[in-house]
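A.B. asks: Residue numbers (our numbering): 1253 to 1478.
Don't take each hint at face value.
[Said to hold, decoys possible] Lysine-lysine pairs mimicking DSS-like chemistry, simulated, CA-CA at most 27 Å apart:
hint, residue 1, residue 2
1, K1325, K1284
2, K1428, K1305
3, K1328, K1378
4, K1259, K1378
[Claimed, not checked] Listed next, with one range per pair, are the computed distances between beta-carbon atoms:
hint, residue 1, residue 2, range
5, I1257, E1323, 27 to 33 Å
6, G1336, M1265, 38 to 44 Å
7, A1360, S1270, 40 to 46 Å
It is worth saying that the hints were derived from the structure and are not from the lab.
In this text, a Cβ means the ideal position worked out from N, Cα and C, and glycines have one as well.
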Amino acid sequence: MFRLIKKIITVVMIICISFVGYATWSVWDYGKEREVEEADAAIILGAAEWNGKPSPVYEQRILHGISLFEEEKVDKLIFTGGRGTGSDFSEAEAGRNFAIEQGVPAHAILLENESQVTQENLRNAKNLVDQQGLESVVLVSDPYHMKRASLLAEYVGLDAQPSPTPTSAYQTNETKIPFFIKEVVYVMGYMIAFPAESILGEENDLDSVVAKARTWVDEVEKQITK
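Using the sequences and the hints, build the whole thing.
C.D. replies: Right, dumping it as structure tokens:
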């Protein structure tokens, strides 16, 4: 009996380690630079704006989207993200204004400025894509955020090519490690939640998993930054 329990524990440990390893590898692998096929638009996921100006993280995403536009890989840029508490500008508006300053014509820009989190970014962006009759899109975000964004895009029914930024504002280990760990945890949560939701038909599964993941990530970040 003891040997059987030991074997079961060993198998479970191997499965868990393999699962964590796969999630870690997938977050890393999705962050690699890659060529994209021509598409109708690039969806640029929002990030913080500071008094109407994009934060360094957001600026990197916008610049990558602009490069895709200038290389004629996409015909339009879709900026996403709503207003933060006390802000006069939405993330999408800050992105649009910056892009226009860089020479992108206003008629080539679409806005989704109601969302607050990545899942809302993508769900609302999909609605905008459908309304505009666009057939193909590229998804732009940070390298470590790319896997989670792609999973969520698939979840909301958006078929998008991933195109991570070639550079990132996260340069030091103090910023890279917590961000990477957070994304791995989220990806693991989604990889569990999506099949469970499909099987059980419970839409709240994803939200509950994400909430638990956020709590766990906060604790990990506290330990890392001590």
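A.B. asks: What are the numbers of the hints that this structure violates, sorted from low to high?
C.D. replies: 4, 5
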